[in-house]
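*Asks:* Protein chains in written order, with the UniProt record's numbering: chain A, 1 to 498; chain B, 1 to 262.
Any given hint could be a false lead.
[To be verified] Far from chain A by the CB rule (all over 10 angstroms, computed), these chain B residues:
hint, residue
1, Ile26
2, Glu34
3, Ser57
4, Gly83
5, Met139
6, Glu143
7, Arg252
8, Lys254
9, Ile260
[As the list claims (entries may be wrong)] Label-pair restraints from in silico Cβ distances:
hint, chain 1, residue 1, chain 2, residue 2, range
10, B, Ala187, A, Tyr8, 31 to 39 angstroms
11, A, Pro421, B, Lys131, 31 to 39 angstroms
12, A, Ile177, B, Gln249, 56 to 64 angstroms
13, A, Ala267, B, Ile26, 50 to 58 angstroms
14, A, Ser483, B, Ala187, 34 to 42 angstroms
15, A, Ala271, B, Gly77, 57 to 65 angstroms
16, A, Ile177, B, Glu243, 52 to 60 angstroms
17, B, Glu149, A, Thr6, 37 to 45 angstroms
18, B, Glu149, A, Glu490, 27 to 35 angstroms
Source of the hints: derived by calculation from the structure; they are not laboratory data.
The beta-carbon is built from N, C-alpha and C at its ideal position, and this holds for glycine as well.
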Amino acid sequence: MEEHVTRYVSEEFKQPLPPPADNAGIIGTARKNLFATPLDAAISLVTLLVVVWAVWNLLGWALFDAVFSGSDRTACVATGDSEVGACWIFVSSKFLQFIYGLYPDPERWRVNTVFALLAILTAGLLIPSVPKKGLNAALLLGVFPFVAFVLLTGGRLSFSGGQVAFFAMLAAFGTLIVVPSRSDLDFERPLMRAAAGLAVAAVLALLLSAASSRAGIAFLGLRFTAFSLSALVLSALSILSVASAALQRGGGGRVAATALLVPVLIAAALAVLSVDFGLPEVPTHLWGGLLVTLVVSVTGIATSLPLGILLALGRRSDMPAVRLLSVIFIEFWRGVPLITVLFMAQFMLPLFMPDGVSFNQLLRALVGVALFSAAYMAEVVRGGLQAIRKGQYEAADAMALSYWQKMRLIILPQALKLVIPGIVNTFIGLFKDTSLVYIIGLADLLGTVRRGFNDPNWITPSTPATGLVFAAFIYWLFCFGMSRYSIFMERRLDTGHK
Amino acid sequence: MAEPNRTVRSTNAGSEALHEVGVELIAVNKWYGEFHVLRDINLKVKRGERIVVCGPSGSGKSTMIRCMNRLEEHQKGTIIVDGIELTSDLKKIEEVRREVGMVFQHFNLFPHLTILENCTLAPIWVRKMPKKQAEEVAMSYLERVKIPEQANKYPGQLSGGQQQRVAIARSLCMNPKIMLFDEPTSALDPEMIKEVLDVMVGLAEEGMTMICVTHEMGFARQVADRVIFMDAGQIVEQNVPEEFFTNPQHERTKLFLSQILH
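So here's chain B without its partners, still in its complex pose (with noise of 0.2 angstroms):
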């Protein structure tokens, strides 16, 4: 596999034994309104982990995702993320971001660039990189999404599939030490979400730490190291994956996997 940003990642070995933590929550609330949307979250995610979350809808999984990489804003508790706590402090949120690439439901291309703009834009204007540097870079994450020659297309001229899995490659152009995928197959047609997986699974058996909230309960028995389940923006119970399916211990899990396991 062809991976040019290894070098870079593994100056920074020193500082990554420092925190073994990945990403840490600790009691964090946060309401909408009135809303209580986050109910005392308590989640630690090593490095490397693999964290499937799962849970019906309204239940807060994705905002609590978002939460990391302040997309969305806790109002109390502590959020620390590559060993950086995330306040208002705008620098380092910043410094946040740049580590922890995010893929989203809808894609979220910027559907006025090509494919390769897309993938080099950020490693350009925020990591600094030369221009030829990125779409080298860009070229080898989209040859590994198996969609190198649609490069020079423009995101509409693509399928949903080959969308998500730019999206993936765009995010990874950034070279993050933690990837957070928001329902990255609800938006797709069913022949298309398991080249989307394909992409997640080997990106897991790299050993890259992925937060994933997703449905696709085949992916979690596969990769994930932990299953957390949400309900009520609350975790309601977490296991690893044969013990989370085989044998769930709270009332809402079970009636949660009999209606999505039929």
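The shape of chain A in the complex, shown without the other chains (with noise of 0.2 angstroms):
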């Protein structure tokens, strides 16, 4: 028998050991995790079976009976009593419509180097050995959305007066924002001050140029109302005053350069949407299937991150005026369906747009989707940044950091990391959801699969499972695709502690 022990001093150092190995390997795990009990066994055996008639069934229907050669529907329908699964020859011969919609064969080119362009700088952006990550991201949010544009409409954009003076008004505001983040140069500076005052001014004058309607003005071959003209007028000298502010200031010629790189961008942009390249137009109601589907759910990721991220920010903001129209934003959008925000789109989006400004259809959809998934972004990021502790907060806030590194290089990193898998999320949402612009009219690529279910040349019986099988694939191909990788991200991103 074992005495009760008082007293114990231990004599030898005890060596680690390794685990007990009964429990390893296939056989090992087989075991413990499906034939430990008799009823374990009959139930693994009972979903084996199971298991092996769905996927006989499945072979059956997609390879075994399917009809992969012939050229029209005749081949794909059941002679006699034998069978007929999948009708493979409906997507390979309908697989350029699928993918381009009608959008004309010699111009199919310019939807491939798009594609491309997007793969290569998605990818450079997305592999974290890939370095340059910085010019990478620019050219894929900053030049790559007009590359993309003129390439897939032809370009040859005309802009109207009020419009560039719309635009003109933005880069003085854009100046307005810049430079002072860029620089010591602030508002208590008169000419800085007078920058201010000018781009308010600008801002009336197009709400007053939006009620008149005589454009009259000619200049720089374009025409303006009066009011039109003096936003522009307005807006250019904004931006002079904040560079020459800048100029006055010793040593500011770096800033004065920064003063200008807003107004230029902007103007860039406008002539490289207006400049003629050549490329035959192509109108949107061509274009179609996958095309149609990256176009929405791509700018719509790109546009509902950034935004939703903002409507988050402005919804935890201490200004009262900031977090109300961040909630009535979201709750707006949150709370009306997407095919009702879709059908919105296309009939009051007009109603609220100055005379003259007209959006095409594809574009309308491309706000809506946009809007609606940044109102629920905003609620994931919300949940990401609500799991920050305050600790965090202060001590960014006592190292004296702005609100906005704050946010950059403390909060958000922190926040985002924790919401991958909801940010994902949506993203896949918004993916799927997108086959919803068939509702109005828009033909992407489970509606040109649909359509194609029409064509009298193809219909039998299995071509509408042929063809939703062969679009969810595709879906899904995508869907999985982000979700692998966003699990890659969140791996990677773990520093395993909190």
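Using the hints, put the two chains back together into the complex; each one sits in its own frame.
*Replies:* As structure tokens, then:
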């Protein structure tokens, strides 16, 4: 018998040993998990039989009974009592249409170029070992959209005088935001105050010009109303006074250059969009298939994340007006179904636009989808923001970081990492929801496939199933890709500790 | 001791002479809702002075030092830090925070950044220091708190004591004139308290202006110029440590000391 021990001093150091081996290996795992008890064994066997039966039937439909050769519906119609499975020749003969829709044949290289650029730039941004992430992001987010727009539509946009004045006003405000954040120029200098006043005056002039309708003044080959022309002039003066404020300050040449950065970029973008590159115009109603799906989902994804982040920050802001506006925006867009949003984009958006400004159908769908998913994204991001402890905010405050530095460097990197699953969830939902644009007459991938069902050449009992399985597979490929990448990113960003 | 920023500091010597007072609180009052958490606080801390603030929990000592860099807002009275009055003016607040370092009870290191990045972040973004120089400064302070070899690890890989020493180094990288410590050892395992206190003693011996909320009475005896005892939102008693511990005057102080010094 052992005695009760009251005194003990360890005499030897116990060496670490490997764990016991009886649970290792495939057989060990199977025994432990599948055949631990007779009931477990029975359940496992029954399940196995069901799986085998299901896979056998699926293979029969997709491979053994499927039609792989032929040129029209006759090949896919059952003759006698033999069963016909998937009608793959429907997919292969319509494949190009599923990708491009009715995009004219000789111009399809433009779509291919856009796809290739998108793939290369996205891969460059997503693969961690590729260098020059900053340049890559600038190309993807700053340059690619314009290149893609010109390539896909043909460019040659013509702007009205009012629109040019509107962009000039945007440039003036951009300058007023960028310059003080990049330098020590602030609004205590008279020239900066003058610039702000001029920009506000430009907004007023634009509002007045939207109310008046006579575009009678010709300037730079464009027709302006008196108000829109003055808006243009006021904006230009605002930018110039920021630049001269920069020059007035000793050694402000570099700052003056930043002052002109925003206007130059906006002017360059307008120039690219309006220059004639000799590409025939392809109207958006000819676009279709995977092209439309990708255009809608990629723009939706690219705009909803930054917009969602801003809304989430706005909803947690200390400023009541900002908070209220963010709440109203989020609750409005979250509260209505996407179908309603798309219909509203089609019928209501034109009501809010000044005369002469009209958007095409695809653009309306893009705006609708982007705003809709931004509202969802905002709530996902807000969840992440709430998970960050107060101490992190305080530590950032205590070291004198500004609000935006604090958010960008400390809070958002942690918050976004926490909600990667939610963000990707929203992306995947958005990607699949793009199929709803079918309702307002746009032919996305699913829409194009469904239109194919009505083709008299291909009406057979197995056509719809085949087409839908094909479309589902394409959606699944993209969504699964996003899902795997998000898991990869979560692991990579995990510094393991809170 | 490596002190890369000594030169920067000496250029400020002229203005420092102008205000001998580091922190001044004049009739400061603060409420949380209905609760009167700071009641008519008057306190003057001279440059180079080391103050230890103690008192039971809920006595407002943390709130008081958090008002000194405006992590908390006071509703009445005047707080002047480094010659700048703290109001709702964001610029003034930022100016004060540049010069005032703070060490928290729960370290509050940024878990997504390495130790070195934690230390260089504020110098790079707030002081606009070139990255290379910021890293040199950070390494010199990490050496001073005796953990340069951890520079490329993440905070979660360090022990509590190491994390707190990093937090101190991180504050020092901004070359602050005043350091605030909010219960820096309360969240540590007993065996790690000494390593943190050693760093703080070293800092005190170099003449840093320090205001420490702590219950480490040994530390108070060793380095404090003055001990302040707070209770129910007011300063009840203050004295030099020797007198404070051997000859407390107020009943509350006597009770408090009898409870923590067994």
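*Asks:* Honestly, which of those hints from before does the structure not fit?
*Replies:* none
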